[in-house]
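Starting from the given sequences, assemble the full structure and let the hints guide the process.
Number of protein chains: 2
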Amino acid sequence: MKVKDLESLFVHEVKDLYGAEKQLVKALAKMAKASTDDDLRKAFEDHCIETEKQVQRLDRIFQELGESSRGAKCPAIEGMIQEANELLGEHMEPHVLDTALICAAQRVEHYEIAAYGCTRALAQQLGKDDLAEELQRTLDEEKKANEKLSQIALSHVNQEAMAASQGGRNE
Amino acid sequence: MKVKDLESLFVHEVKDLYGAEKQLVKALAKMAKASTDDDLRKAFEDHCIETEKQVQRLDRIFQELGESSRGAKCPAIEGMIQEANELLGEHMEPHVLDTALICAAQRVEHYEIAAYGCTRALAQQLGKDDLAEELQRTLDEEKKANEKLSQIALSHVNQEAMAASQGGRNE
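Keeping their order, the protein sequence lines are chains E and X.
Positions 1 to 171 (this note's numbering) are the ones given, in order, by the first sequence.
Positions 1 to 171 (this note's numbering) are the ones given, in order, by the second sequence.
Pairs of lysine-lysine residues, derived as BS3-like cross-links and limited to a Cα-Cα distance of at most 27 Å, are as follows:
hint, chain 1, residue 1, chain 2, residue 2
1, E, K26, X, K2
2, E, K143, X, K143
3, E, K73, X, K26
4, E, K148, X, K4
5, X, K2, E, K30
6, E, K143, E, K53
7, X, K148, E, K128
8, X, K4, E, K30
Hint data in this document are derived by calculation from the structure and do not stem from the laboratory.
Laid out in structure tokens, this is it:
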């Protein structure tokens, strides 16, 4: 890492996002597979496909910047995926696992909302309006993905997890 | 970790928050010390004191649950602090470092907003309304801390970083 000015900080932030998204493509596929709830599985599957496109969007940003994505990593997302994997290793009632997956995924989405928000602000400050627009596109998608997860949790998954935890079933 | 039902998932989430906040007290003090901008340093100092109180709030939640905070950890926040420490090790123009610190801190705040949001939702689902209220209090504080950072970045820090990066000074 060589960050000295706003331009190199911007490149650093784009690399952080790239490291995050690359890891998330695999993690989201795994979370989709582990989901019990149909709506949740579909939300993860859809967002996995969306994330692949977000990686391509970042690839184009690297090209425009004349920079390489080499060495891109994101220890924070690594930590979040580690936490999600630990949860997947627990012997949890399936509906409770769905709730746990939502809790893990919303942490990821919020991290990304912050990261894209800051990186877009840097792009604007640097006068890179076209790149700011691209980053805003992904930011909007992350916000929608997060809202979708909230809606799934509050509409039925959390209640089902509760019913299952009490030994009753509401399905 | 032993997560099987919604109650044990809730305890797991509270432990994740505890692991996060305990690490953040130290990290925020370090970030305050590294800040150039007076408003930013004060924001970090204020939030550091607030975070100490949030740890005490979680301590009370553990007491009410009859659970111990032993073994609480948060690999995600660990990753974020690692990233922030790497930035602190760079030879950056001071105003640029302020911007970098804000980018790092907003990731942390957003992670916490998601984590407290999910944990509060679990408390509500479990009928633990008093604990839900306590968690909501911290959630509101995290949101305000995040807004404060946005306001500092957009009002002057990002511009100062830009001016410094261009070799000009606007102070």
